[in-house]
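For the sequence shown, the residue numbers in our numbering are 43 to 290.
Treat the hints loosely; a few may be bogus.
Pair by pair, the computed Cβ-Cβ distance ranges are [to be verified]:
{"#": "1", "residue 1": "W214", "residue 2": "R132", "range": "29 to 37 Å"}
{"#": "2", "residue 1": "S233", "residue 2": "R92", "range": "27 to 35 Å"}
{"#": "3", "residue 1": "R70", "residue 2": "G188", "range": "42 to 50 Å"}
{"#": "4", "residue 1": "R66", "residue 2": "A242", "range": "18 to 26 Å"}
{"#": "5", "residue 1": "Y67", "residue 2": "S233", "range": "36 to 44 Å"}
{"#": "6", "residue 1": "R180", "residue 2": "E259", "range": "18 to 26 Å"}
FYI, nobody ran anything at the bench for these hints, they're computed from the structure.
We treat Cβ as the ideally placed atom computed from N, Cα and C, and that holds for glycine.
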Amino acid sequence: MPSPAPNPAPASLRSAWFLALARRYVRRRIARGLDGLYVAGLDAAREAARRGPVILAANHVGWWDSFLVIALDEALNTEGYALMDAESVRRLPFFARLGALPLDRSGGARARAGLRAGADRLDRPGRALWVFPQGRHRPAHLRPLGFEPGIRLLARWVPSSTVVPISIQYAWGDQPGPAAYARLGAPVSASGLDLDALEAEIIDGLARIDGAVDRGEPGFIPLIAGRTASPEGGWGARLLGGREAAHD
Numbered sequence: 043m044p045s046p047a048p049n050p051a052p053a054s055l056r057s058a059w060f061l062a063l064a065r066r067y068v069r070r071r072i073a074r075g076l077d078g079l080y081v082a083g084l085d086a087a088r089e090a091a092r093r094g095p096v097i098l099a100a101n102h103v104g105w106w107d108s109f110l111v112i113a114l115d116e117a118l119n120t121e122g123y124a125l126m127d128a129e130s131v132r133r134l135p136f137f138a139r140l141g142a143l144p145l146d147r148s149g150g151a152r153a154r155a156g157l158r159a160g161a162d163r164l165d166r167p168g169r170a171l172w173v174f175p176q177g178r179h180r181p182a183h184l185r186p187l188g189f190e191p192g193i194r195l196l197a198r199w200v201p202s203s204t205v206v207p208i209s210i211q212y213a214w215g216d217q218p219g220p221a222a223y224a225r226l227g228a229p230v231s232a233s234g235l236d237l238d239a240l241e242a243e244i245i246d247g248l249a250r251i252d253g254a255v256d257r258g259e260p261g262f263i264p265l266i267a268g269r270t271a272s273p274e275g276g277w278g279a280r281l282l283g284g285r286e287a288a289h290d
């Protein structure tokens with residue numbers, strides 16, 4: 043099916059100075075509210091973004107996800123945008139300053155226009171578009187994850203882009219706040235995107251996070267250390283042996 047004729051995208055409201063402030067706030071908020079942010083797979087995703095535009099597809103667990111998106115966008119050194127429910131952007135307009143693009147789910151044509159605006163951002167290396175194919179918050183343990191097909195259109199419209207599957211989970215231990223985990227899976231070409239395979243890869247990533255938490259399996263590094271992380275306590279500290287945070 044041929045791509046629709048390109049439409050001029052509305053001027054982006056993404057603000058570099060506002061984003062810089064938000065990144066500092068996000069780092070503090072994660073450090074104080076969570077037992078750290080631990081990641082795996084950053085290097086391969088960075089390399090994919092260096093070569094061309096990337097679609098970052100993640101499961102959508104809850105409220106903290108937007109903080110993780112901002113922190114990971116900085117770690118990946120990408121110019122990131124994110125598709126966000128249009129009503130949420132209207133209620134919380136500051137998200138537009140961070141790169142949020144409204145996606146109106148009330149009708150096919152409106153939803154398609156929102157997806158098209160997101161696809162138009164993917165026009166050069168270093169550009170990234172975050173999508174949550176579930177379209178809503180959903181506990182990470184529920185199966186199937188329930189992906190919607192919009193990401194297929196994005197992949198079809200920008201076949202030169204790369205899709206990076208991202209698994210997000212929050213694990214509670216003996217501290218007041220959970221530790222956040224993000225596993226970035228193997229990048230795949232958008233031209234050959236298989237929605238079932240994408241979901242399977244994210245589910246596999248969630249299983250790997252469970253293994254890291256339960257059995258101390260290696261592979262995750264600290265991106266942001268939580269206030270409770272120390273050699274004496276906290277999931278992050280036990281998993282990583284109390285290593286100091288590394289800010290990429």
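Ascending list of hint numbers which this structure does not respect: Those not satisfied are hints 2, 3 and 4.
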